[in-house]
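Got chain A; can you put chains B, C and D with the ligands on it based on the hints?
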Amino acid sequence: MSNATDIAAEAPAPRRRFSLHVLGPVLALIALIALGASLNSNFLGYGNVTNVLARSSFIGIIAVGMTFVITAGGIDLSVGSMAAFVAGVMIMSMNALVPVLGIGVALVLAGMGVALIAGLAAGLLNGVLIAKVRIEAFIVTLGAMGIYRSLVTWLADGGTLSLNFEARGFYRPVYYDGILGVTWPIIVFALVAILGELAMRHTPFGRHCAALGANEQVARYSAVKVDRLRMATYVVLGLLVGLATIMYVPRLGSASGSTGVLWELEAIAAVIIGGTVLKGGYGRVWGTVVGVLILSLIDNILNLASIVSPYLNGAIQGVIVILAVVLQREGKSTD
Amino acid sequence: MSNATDIAAEAPAPRRRFSLHVLGPVLALIALIALGASLNSNFLGYGNVTNVLARSSFIGIIAVGMTFVITAGGIDLSVGSMAAFVAGVMIMSMNALVPVLGIGVALVLAGMGVALIAGLAAGLLNGVLIAKVRIEAFIVTLGAMGIYRSLVTWLADGGTLSLNFEARGFYRPVYYDGILGVTWPIIVFALVAILGELAMRHTPFGRHCAALGANEQVARYSAVKVDRLRMATYVVLGLLVGLATIMYVPRLGSASGSTGVLWELEAIAAVIIGGTVLKGGYGRVWGTVVGVLILSLIDNILNLASIVSPYLNGAIQGVIVILAVVLQREGKSTD
Amino acid sequence: MPQGTSVLEGRGIIRRFGPIQVLHGVDFALNAGEVHALIGENGAGKSTMMKILGGYLSPSEGELLLDGAPVRFTDQRQAEDAGILMIHQEFNLALQLSVEENIFLGRELRRGPFLDKAAMRDAARDLLARLDCHVDPRTRIRDLSVPNRQMVEIARALGRRARVLIMDEPTAVLTNRETDTLLTQIDRLRENGTAILYTSHKLDEIRRIADRVTVLRDGTQVLSREAEGFTEDQMAEAMVGRELSDLFPAKAVPHDEVVLEVDGLTVPGRVRDASFTLRRGEVLGFAGLVGAGRTELMEGIVGLRPSTGRVRVMGKVLKPGSVLAAREAGLVYLTEDRKEKGLLLGKNLTQNLTLLALDRFGHIRIDKPAEDRALSEAITDFDIRVKDRAMLAGSLSGGNQQKLLLAKTMLAEPEIVIIDEPTRGIDIGTKQQIYEFIAALAAAGKSVIVVSSELPEVIGLASRVIVMGRGHIAGELTGTDITEDAILRRAMGVTDDREEISA
Amino acid sequence: QDESYTIGVAIPSATHGFMGGLNYHAQAAIERLEATYPQLDFVLATAGDAGKMVNDIEDMVATRDIDALVVLPFESEPLTSPVQAVKDAGIWVTVVDRGLSVPGIEDLYVAGDNTGFGRVAGEYFAETLKEGDNIVVLRGIPTTLDNERVDAFSAAIEGSGINVLDMQHGNWNRDDAFNVMQDFLSKYDDIDAVWAADDDMAIGVLEAIAQAGRDDEMWVVGGAGMKEIIKRIMDGDPQLPVNVTYPPAQIATAIELTALGLVSATPVSGRFIIGSQRVTPDNAAQFYFPDSPF
Ligand SMILES: Nc1ncnc2c1ncn2[C@@H]1O[C@H](COP(=O)(O)OP(=O)(O)OP(=O)(O)O)[C@@H](O)[C@H]1O
Ligand SMILES: Nc1ncnc2c1ncn2[C@@H]1O[C@H](COP(=O)(O)OP(=O)(O)OP(=O)(O)O)[C@@H](O)[C@H]1O
Ligand SMILES: [Mg+2]
Ligand SMILES: [Mg+2]
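Chains as they are written, first to last, in the working numbering: chain A, 13 to 347; chain B, 13 to 347; chain C, 5 to 507; chain D, 499 to 792.
Calculated directly from the structure, the hints in this document are not laboratory data.
One or more hints might be untrue.
Computed list of lysine-lysine pairs in DSS-like fashion (alpha-carbon distance at most 25 Å, straight line) [as the list claims (entries may be wrong)]:
#1 C:Lys-320 to B:Lys-237
#2 B:Lys-237 to B:Lys-144
#3 C:Lys-391 to C:Lys-372
#4 C:Lys-323 to B:Lys-237
#5 A:Lys-144 to A:Lys-237
#6 C:Lys-121 to A:Lys-237
#7 B:Lys-144 to C:Lys-323
#8 B:Lys-237 to C:Lys-372
#9 D:Lys-550 to D:Lys-585
#10 C:Lys-255 to C:Lys-206
Derived coverage of chain A by chain C (criterion: at least 3 residues anywhere in the stretch with Cβ under 8 Å from a Cβ of chain C; other residues may be distant) [what the hints assert, rightly or not]:
#11 225–231
#12 283–297
Quantities reported herein were computed from a predicted structural model and do not represent experimental measurements.
C-beta: ideal position from N, C-alpha, C; glycine also.
Chain A on its own, in the form it takes in the complex (with noise of 0.2 Å):
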């Protein structure tokens, strides 16, 4: 798939292909920031603004991490699931803990830890299925997603797992409130983001991952270990979903069997429109932001914009993403 151009390829003179390339996901945010300023005079005040950031960080968190996985020649379809088992088990140790810990920093620290330890769990179990037992990283991921959200649904008895009052009611700032006007959620996702930029770019994991998902074998030979990189990149992927959870839980206080459907979907969305290669190679994690802030204005805006019907909205929605991708096309074929 990869090489289908390069003969074509006209001289590829790099500023060029370069500038679309780049260019492309940015543009598309551009342009539908300038259609939701033009729909709605709230759309970029401060209220607005918090919440579609805020909202974004949970997919945004998962899309960095997804993103390693993607660019190292791996998928993960569990992730949303993994959240909303992750989230279930968060809950009913933070309850089981209040009669132990009591309300207080304590208790929301051992919930954070509950749910980054879920996560690497989760995330190793699907690491090692793949990369050491060596099953096809679609059937794993698809299987636990099955797995996870049949387990939550099962841990609240077909309802909902409700975070014990007092400790939500505690637990509430860590997504409302913030430093500076600026909440916690952003803040942690733009951590996440610049972290995943820097890792990407500028540490050998980053580059080792680009390495594995162009060609394994080359990596193999060039003395990358492999299995454990592939088995890190799912590993990192499952604790930054712990991160996702923990910011997600102080939110609604509960999760369901209904929690983080089409999580998965939305965040390789967000990473292919940002401009990773969906066959590995080539990743880019500011891309990855950018895809879930264009994901996410679409759902505001279609909300803000008084549509024709709104049952139309998921074709607005399909044909916006499209759309956003068509931009890098020019760019894409080079890769």
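For chains B, C and D with the ligands alone, kept in the frame of chain A given last:
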């Protein structure tokens, strides 16, 4: 990456590899059948076998087409909502034609024609965007998925599109009757599977699909019309979606926003369980058929046995899907 | 020169692939400061032996000694840690990554936890400069030509400070000038005490740099001696097991009929305004330096690259942009990039062989017995050494892959065949067969264009030579005018003052 | 009689709060009945779409030889002919909640009142709000059922002068409702009340309102009687003045009646419509089931 195997591949003693790789999915299928038979004496009865085969036919027919798309290095996430959309269009046209054609063979044939044309058009649209406009298949079909789903909801005004009651009565036998006790969906599925298998293994089309998926450059240099071929795989899939819809509509006589939800994942899973390589270059239709049967049987067996909690069905499904692929792992890794 | 114990030694090395044995107990030693050449026919087991020494494959039997002590490399990383590096016959580069990223893959320089990109870029540039290769380290490999890729591959090995450097046909894709640079570097390494294992089918190189020569035939060592006084003819004879007569057959005399007419062909950014004709029964050579645009011109002609201008085959205008149309008109092109564009390495021999001419085996149903027969014929006609007909193309030795590619191209029964680098990686004995084959084609009334960077090949085969330089046709030579000197002068534009093509 | 019977129960899977409650009550009823009547055997199948539900029913008939079927149709239209086929095979059919598109197939019909669900809510809005007051509406997943509720609601507020600013789908989901409500709050400066059509969505809506600090400005009416919401009504939360019932326990009623019909001679056929009631702080206690997951 096609060039994975050349250097390291320690001479995959072809015989041995063959056996596990081939037997994997078949073994899983046999194990499931044995399990089912041991759980319930009616399992192998005519009624149950007919039910399971007939209901596999929709996903089955689609999965055969999906095998070609994936073998040629593509993916199609839109088939489920495309089926819903085609069913919606078919039902609306048939309802509109009742006054003109009356209830009868002509009406049914007209409906079938509409379904095939709609499927073909939808497939062609995907194909053109992917092969000619060169947008990432994942994004095109993800967008299309949203668009068709939303369109059918809109056509149905949020509810259900129902086939005219008498027309349904007349059309119904297409799902429930057959010849010599074999119902039509089973016959059509079998025909599609046989033709698909022949096309994959014995025609230039199948060969070219595998070549395209293995290395697009080489295919291009070998006088394969790469764009046209890629487009053709999506068109074939679209047509088969139309055909599946023709079998589906007489069963339930209606279409709505929830018709065909997750069919795409099921079809892709069946293809991969069957041993086709997700990144393209190698596909086998009979494997896909086995994969489809495995997936249907899991549901069927879960209904036979009374499991601890129905909430855990998804988990059991997930585990079995992973296990089915573990069986062919050995073979897989040498591909 | 050999002194003390060997750095790396293999004793009684046996290697089997499944039931097939390809090495039958080879003993082999590498000494510090010595260039040891390993030569042999295609499929003799050279690459296999080298991979075993480099830690990429483990021997089925026999042992490896490092500085006299037995070792067992469980993975290639250990070999690399011991200072053993290898340049593969087939590229070992990640196409999507940049030159610098490839050179430093697996041993990136860092500052703290971060990559020191500037340092790596500079180091990469230096390494490439030592090889006289001036590509930007930020370029992606996929945007490089085949020779430049090879230079990157070499630079990568040079950058790793090897005690033992194993080079598997590093010059197969290089032209003379680049080969010279490489050989100079090898001399330098030798002086610094590196042990070098070298293989090539270009025997003059072996003569120039080898201190010792070992000859493999069918996986057995037939000879190992000082290079001193070992002539090229003797080498060839030791390899092939018979004496080689004249390398080039007599040149065919072309008919008058023009079969191919290229008129003002321009491949944007690569080739400008190329016009030439080809006659029936003619062998037309295309010479030029690397990057002259020969490949691009040929790809433009057969429709693999967008181009303007007109191509006529047998008087009929060829539909542009369609490889299929070209093939149906009787014109086919054999690519120089065997691995990326020529063969499906993960597929078996039959599927590769018939891919180009698949419609000859049935439009609806593929006639498998006929395919099978075609494979048998190809194996005999082109002397492809296969141990198992069901094997994957990627498991063939490099030279045999080239033969398979040739067979694949000829299966389309072309009237006109363009062969880009026909004998890349082919052993001397087979080379002769291929030359005879080309001459026979011409004699049978077919027409052949040979694009080659090996001047002797062009000179020896072609009755007419077109020289390209910097994207345009720089001159044409016929008959006795075809000399190395004349070609090179035109290629470098010495006698030609036309303006350069602007990219 | 010591003859044994098998009863098949086919319901949608627990994808949101109400269905979760329904699943809970179905399982609880089955456990209870299995304990009481050893001669009864149950097959419970949950489905995520209409096709799967038809599959489940086919399996029950073909392999489990059911004597009675209790079904809550995922959708009315597609389930009609398959259930008809079950009926034609001489099996007792109980339909719950969503009627089939052809009347008269089922032996017993137990249902909540979707029209009533919308109407009762609408009536409260009409009574409480003044002319010119603004409301927003969060609908469920686009389905016939959702249409019925919303139509009834709209009909009930018609003529009251209440201004419906916007309607969007919150898909009976907390997160979606939260997002939609956040955007409504950005979009409209003056909202007096919200109809959330489902208590899951009400939770998300309340949270979004709290975040915007506009708690005093508007109240919210959900529906279906989730226990947290009922609790808050009991406690007199001014933001949650009332609720409208749509009891998930109707499935238990249906299963119990069906079982009773099989094991005893009691005539149970007919229609049982469990009307939607308005829950107010005064009567909330009687709708509060702390053990239910919903
Ligand atoms: N992975 C493999 N599986 C099966 N056979 C293999 C494999 N690798 C190499 N062989 C066989 O081993 C033999 C030796 O191959 P090798 O590549 O060592 O030859 P070579 O001497 O390097 O030839 P060349 O000059 O053409 O490069 C060949 O017959 C080849 O087909
Ligand atoms: N795939 C490619 N992508 C981008 N540039 C390329 C590619 N292949 C070749 N080039 C560039 O095109 C120019 C000419 O190509 P090339 O070197 O193949 O010409 P040539 O005359 O055929 O020489 P040779 O065949 O000996 O390499 C060179 O500058 C080379 O770097
Ligand atoms: Mg070799
Ligand atoms: Mg060339």
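Regarding the pair D:Lys-550 and D:Lys-585, is the alpha-carbon distance no greater than 25 Å? holds (19 Å)
Taking a Cβ-to-Cβ distance below 8 Å as contact, does the region 283–297 of chain A have at least three residues touching chain C? holds (count 3)
Can you confirm whether the C-alpha distance between B:Lys-144 and C:Lys-323 stays at or below 25 Å? Distance ~19 Å between B:Lys-144 and C:Lys-323 Cα, so the pair holds.
Given the hint that B:Lys-237 pairs with B:Lys-144, test it: the Cα-Cα distance must not exceed 25 Å. holds (12 Å)
Does B:Lys-237 sit within 25 Å of C:Lys-323, going by the straight-line distance between their CA atoms? Cα-Cα ~14 Å, so holds.
Verify the proposed pairing of C:Lys-391 with C:Lys-372, using a straight-line Cα cut of 25 Å. Since the Cα atoms of C:Lys-391 and C:Lys-372 sit roughly 20 Å apart, the hinted pair holds (cutoff 25 Å).
A:Lys-144 and A:Lys-237: Cα distance at most 25 Å? holds (12 Å)
Agreement of C:Lys-255 and C:Lys-206 with the hint, judged by alpha carbon distance not exceeding 25 Å: holds (23 Å)
Report holds or violated for chain C covering the region 225–231 of chain A, Cβ cut-off 8 Å, minimum 3 residues. Answer holds; 6 residues pass the 8 Å Cβ test.
Can you confirm whether the C-alpha distance between B:Lys-237 and C:Lys-372 stays at or below 25 Å? holds (22 Å)
Could you grab the alpha-carbon distance between C:Lys-320 and B:Lys-237 and see if it respects the 25 Å cut-off? holds (21 Å)
Going straight from one Cα to the other, do C:Lys-121 and A:Lys-237 come out at no more than 25 Å? holds (21 Å)
Violation of the numbered hints given earlier is absent; every hint is satisfied by the structure.
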